[in-house]
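Asks: As a plain string of letters, each chain reads:
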Amino acid sequence: MPEWGGGRTTLEMIVQELQHPVRLDESFERRVMVRVRRLHAERRSRGWVAVASRITHRPGWAAALAASVVAVVTIGLIKSRPDAAPDHGVGTAPVQFVLVAPNAHSVAVVGDFNNWGLNDSALVATNHEGVWSVTAPVPAGVHRYAFVVNGKQWVADPSAPRSTDDDFGMPSSALVVEDSAR
Amino acid sequence: MNRTARGFATVALAAAAFAPAHAQDPRLGNRPDAPTRTAILAILDSAKAQGIPLEPLVQKMNQGLAAGADGPRIVAAVRNLKAEMATAHRELGTVATADEIQAAAFAVHAGVPAVELGKIKKQSGLRRSLTLPFTVLADIVSRGVPVEAGVNAIRSLVGAGAKDADINNFQRNVSGDIAKGAPPAAAAETRAKAVPAGKPESTRPDQDDF
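Protein sequences appear in the order of chains W and U.
If you count by our numbering, then the first sequence holds residues 1 to 182, one letter each, in order.
If you count by our numbering, then the second sequence holds residues 183 to 392, one letter each, in order.
Looking at chain W on its own, in the form it has when it is part of the complex (with noise of 0.2 Å):
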């Protein structure tokens, strides 16, 4: 392994590392192409339609494949960082949603986006004097929602459009999040 200074940047020392010269075995190539000539030769004894092209081995395309996939999977290690800036991910967009309940005890908020509360992933709101609210990342797309009030009383969204198959007795809402990376 070299001795990587200080100072230097990661990026510095990953594209050092790959400007060493890829040593191999003399005899690498000829056994590449005896194990491709007779997997060549399987496939037309199974009356396949193979087409079999020379491979060779150029050690600086090998470098630059190396490099692309280390550059992509230190990218990757990089945005992952715990303590990277919060994202939403690609086509969602925070919705905020507020019900004016003064007597309720609870407030939670149900819909398409999380399954309908099911396995307990129910948005919960929190009360700010009888104004209760939750923010939360909501996909893009068309989704029916509604406030679970107390637990137990479904509550449609009274400042959004109503969602107008209310099959099970239930009223809810429909919200249109746009796609924001549109």
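Mixed in with the good hints there might be a few duds.
What the hints assert, rightly or not - Every beta carbon over 10 Å from chain U, so not counted as near; a handful from chain W, in silico:
id	residue
1	92
2	93
3	134
4	135
Stated by the list, open to error - Covered by chain U, according to a simulated footprint, are these stretches of chain W (three or more residues, beta-carbon under 8 Å):
id	segment
5	112-120
6	150-161
7	164-176
As the list claims (entries may be wrong) - Derived, one-sided and incomplete: chain U residues facing chain W with beta-carbon distance under 7 Å:
id	residue
8	241
9	244
10	276
11	277
12	281
13	285
14	320
15	324
16	371
To be clear, the hints were calculated from the coordinates, so they are not data collected in a lab.
Cβ atoms here follow ideal geometry from the backbone N, Cα and C, with glycine treated the same way.
Here the structure of chain W is known, so what remains is to put chain U in place on it, guided by the hints.
Replies: This is chain U only, laid out in the frame that chain W set:
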């Protein structure tokens, strides 16, 4: 393993391979009871064959389960939604997005003829999403705006290039007016006139802006 056993194993593997892909669909989970699950899977199979989005159907089932509805009621609701989406899909054509089809199904459910939705789609071209206009149309019709007045209002808004924010405001204003006692048709017609005209949508979707 003798030849007979191998034969049985092969048949079993083939049957598993050709079973409907969503038979193991984790979205259904094991929440619905067996008859409900079987019926829902059949509806999903049919929807998939027709190119209808499946996710709204799965969510309709989830909504029913969360509401504590019984199996037959859930199946009926999912079947109705599938039929409404199929109708919308036929009228809007293959250019419609899954969201537009779902929103159009809301409007169909509210009583808007699907053919009117198809006309709005043709009028707007490809670039303008009609998800919100269809959602708002369903809403105002459900609040008492006559279908013809609602369709005319939405057509005039879309034709004038109104943005989604304008259409959201239109919905709030119309519902507010109706709540205060205004005749629904008059509220829709008047509020549609008040929306600022944007750039009219092109009927030629391949025309670029320069």
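Asks: Determine for every hint whether it applies to the structure shown.
Replies: These are the hints, each one checked on the structure:
1. Consistency note on residue 92(W): stated as away from chain U, and its beta-carbon is indeed over 10 Å from all of that chain's, at 14 Å minimum.
2. Every CB of chain U lies more than 10 Å from the CB of residue 93(W), the least distance being 12 Å, so the non-interface label holds.
3. The claim that residue 134(W) lies off the interface holds: its Cβ sits roughly 17 Å from the closest Cβ of chain U, which is beyond the 10 Å cut-off.
4. Every CB of chain U is more than 10 Å from the CB of residue 135(W) (nearest about 18 Å), matching its label as outside the interface.
5. Evaluation of the coverage hint for the segment 112-120 of chain W: fulfilled, as 5 residues show C-beta separations to chain U shorter than 8 Å, against a requirement of three.
6. A count of 3 residues in the segment 150-161 of chain W with a Cβ less than 8 Å from any Cβ of chain U is obtained; the coverage claim is therefore met, three being the minimum.
7. Beta-carbon proximity to chain U at under 8 Å applies to 9 residues in the segment 164-176 of chain W; the threshold of 3 is reached and the given coverage holds.
8. The beta carbon of residue 241(U) is positioned within 7 Å of a beta carbon in chain W (closest approach about 4 Å), and the interface hint is therefore held.
9. Given hint, residue 244(U) at the interface with chain W, holds; its Cβ is 4 Å from that chain's nearest Cβ, closer than 7 Å.
10. Hint on residue 276(U) is violated. Least Cβ distance to chain W is approximately 18 Å, over the 7 Å limit.
11. A cut of 7 Å between beta carbons decides the hint on residue 277(U): the least distance to chain W is about 16 Å, and the hint is violated.
12. Given the 7 Å rule on beta carbons, the hint for residue 281(U) holds: about 5 Å separates it from the nearest Cβ of chain W.
13. The criterion of a C-beta within 7 Å of any C-beta in chain W is met by residue 285(U), whose closest approach is roughly 5 Å, and the hint holds.
14. With 7 Å as the threshold, the beta carbon of residue 320(U) comes within range of chain W, its nearest partner Cβ sitting at about 5 Å, so the hint holds.
15. A distance limit of 7 Å between C-beta atoms decides the matter here; for residue 324(U) the minimum to chain W is near 5 Å, and the interface restraint holds.
16. At about 19 Å, the closest approach between the beta carbon of residue 371(U) and any beta carbon in chain W exceeds 7 Å, and the interface hint on this residue is violated.
Of the numbered hints stated above, those contradicted by the structure are hints 10, 11 and 16, listed in ascending order.
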